[in-house]
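Work out the full structure: start from the sequences and follow the hints.
If you read the protein sequences in the order shown, they are chains A and B. Under the numbering used here, think of the first position of the first sequence as 4, with each following residue one higher. Under the numbering used here, think of the first position of the second sequence as 4, with each following residue one higher.
One or more hints might be untrue.
If several chains are the same, the list does not tell them apart, and a pair holds so long as it fits within one copy or across any two.
[As the list claims (entries may be wrong)] Computed list of lysine-lysine pairs in BS3-like fashion (alpha-carbon distance at most 25 Å, straight line):
1. Lys60 - Lys214
2. Lys97 - Lys276
3. Lys13 - Lys202
4. Lys340 - Lys311
5. Lys60 - Lys276
6. Lys340 - Lys97
7. Lys35 - Lys60
8. Lys276 - Lys258
9. Lys214 - Lys42
10. Lys202 - Lys258
11. Lys60 - Lys268
12. Lys276 - Lys289
13. Lys276 - Lys231
14. Lys268 - Lys13
15. Lys60 - Lys13
16. Lys258 - Lys268
17. Lys141 - Lys171
18. Lys279 - Lys141
19. Lys171 - Lys146
20. Lys258 - Lys44
21. Lys42 - Lys84
22. Lys170 - Lys87
Keep in mind the hints are simulated off the structure, nothing from the lab.
Protein chains: 2
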Amino acid sequence: MQIEKVILAKRPIGEPTFDNFNLEIFNFSEIKTGEIFVKVKWLSLDPYMRGRMDSAKSYASPVEIGEAMEGECIGEIIDTKNEKFEVGELVIGKFGWVSHAVSNGYGLRKLERTNIPEQYFLGVLGMPGHTAWTGLNKIANAKKEETLVISAASGAVGSLAGQLAKKKGLKVLGIAGSDEKCSYVTNELGFDACINHNKIKDNMEFRNLIKSYCPYGVDIYFENVAGKTLEAIIPNMNDFGRIAVCGMISWYSGKGINEAMALPKLWRTILVKRLKVNGFIIFDHKETYPQFIEEVTPFIQKQQIIYKEDIRIGLSNAPSAFIDLLNGRNFGKMLVKVGD
Amino acid sequence: MQIEKVILAKRPIGEPTFDNFNLEIFNFSEIKTGEIFVKVKWLSLDPYMRGRMDSAKSYASPVEIGEAMEGECIGEIIDTKNEKFEVGELVIGKFGWVSHAVSNGYGLRKLERTNIPEQYFLGVLGMPGHTAWTGLNKIANAKKEETLVISAASGAVGSLAGQLAKKKGLKVLGIAGSDEKCSYVTNELGFDACINHNKIKDNMEFRNLIKSYCPYGVDIYFENVAGKTLEAIIPNMNDFGRIAVCGMISWYSGKGINEAMALPKLWRTILVKRLKVNGFIIFDHKETYPQFIEEVTPFIQKQQIIYKEDIRIGLSNAPSAFIDLLNGRNFGKMLVKVGD
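See the structure below:
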């Protein structure tokens, strides 16, 4: 039988293009004792994957040229020579941008079939959701009546972080990239306000706009984008403010880095305002996943949390979906439906 | 009688010079009911005072033109119309760069005469000492066997922070501005090593030198200087490292700001290495002063902590002493002996 894989064809210089990917077909005959054979149903696309395309050392190893792109998937077991797994079971694992995968079962998590759509466990009840919950509660230590700003507010992480913050009694300002997204963020997700950063002319306007929505200053900034948004937030931070650094998508492909604010300005603000700036990565927080699931699942079941998906069909569309994601041309959690 | 004051004559552009200060003489006749009259014995000079000379908003108000420079002092009460204070008592207070001061007693702390030199309570047992202790224990949460780097290692804060860290079982690398200071830091204070930053040619040399002394990376950076030192530390930080931002003397007068590292590099490191960067100011931590005193006083009494002072004689020498301090031409805690 044949396995399709989207491999890293060459490393991007700046923004990824179609040239950086290639869809390749591999022949596969049979699994060995202890192995399972998985048919991938869903692939999650997330901004962190841009980092894996570079050769630079990061918190995880880069994808090598010719290797399948990394990614978390939900798959169904279609063959097994491992007594711990049965045909028909659903599993979550880092199978990558592939149609099928062979696994010894290590690092896989079984997924019960419930009334919750299975792919939610790649999104609002998966890694992005856990990231939102952790950033808000464990990293930023958000408290009732504080003011929170979230960039990439309509995205998989931002949209949940803001809704959970509203439930806790915070004031929440979102930043997003279109009027349509902003309208979704305020009217559907229930944030107090949302700024369309693509309509802002300069830093001073951005800064003043944030100030007008946050007259008592910003206590917490949930950082997903960096760039111009970060620069406009910094002067609005309150004493003892917290910045939870979760992502910096606007700088991932080198764009805007040369025009970025000088370091001393930030450093002085960190000192003078006694800020806490904490980077975090969800893989370090596995121990709180059950607590997160216990807290958020009832909201999903009672439809008290809004969750939007941007689903692209077919593995061959993963590169274009990923490029769209990096450029904010998604609306909701980006997923690829790989197989049925 | 006459009171001498060193006033802020004009705001500095860049590094302060003698032109920025003026020694003025004021006539004074008599205190009113509820007041005390204090003869200043010791004035503490500290880098943070540079910030007060600018009009920019900081965590404290700037000194106004024509006002006495701000500063913490030890004085003796020589007249009193306040029943809570007696002539001959020693008090610590923010009297400023002055020979005498009138006070209603608010915000003053009485100082018992002990076998410890009184001026130690402006240094190793005062604000700089408490800063060192807080940065190490409360901000950076230093733990046995971790690797700590301290800039301005021979200064009032750095010298105590490093000695306390050695007592806790950390590995400690100092950064200082001369071979003489480095020799003091390693041979007398007992740090494991010390780098003379004035001997470093470029960033890569600095970075590699830190790496050679910290082969397992840097867990904690106690930041007092910023600039080139910060840039060389960042790539050496370990995952989950902490940066306690206490000062940034190399940037206080605008020097080096234009050549500083771009912000995105730092931001990426904070995310990828999950750093905690915390600014702190000792005035927020008054509640731990008794705990600090209880812990450190025995070390001073048993001479298990080395403490060096750089004492300049006479209020009129405060400006030159302060300019020396900002340029690293002090050796030990900078104090002005104002009166006997």
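Check: Looking back at the numbered hints, which does the structure fail to meet, lowest number first?
Finding: Hint check: 3, 7, 9, 20 and 22 fail, others pass.
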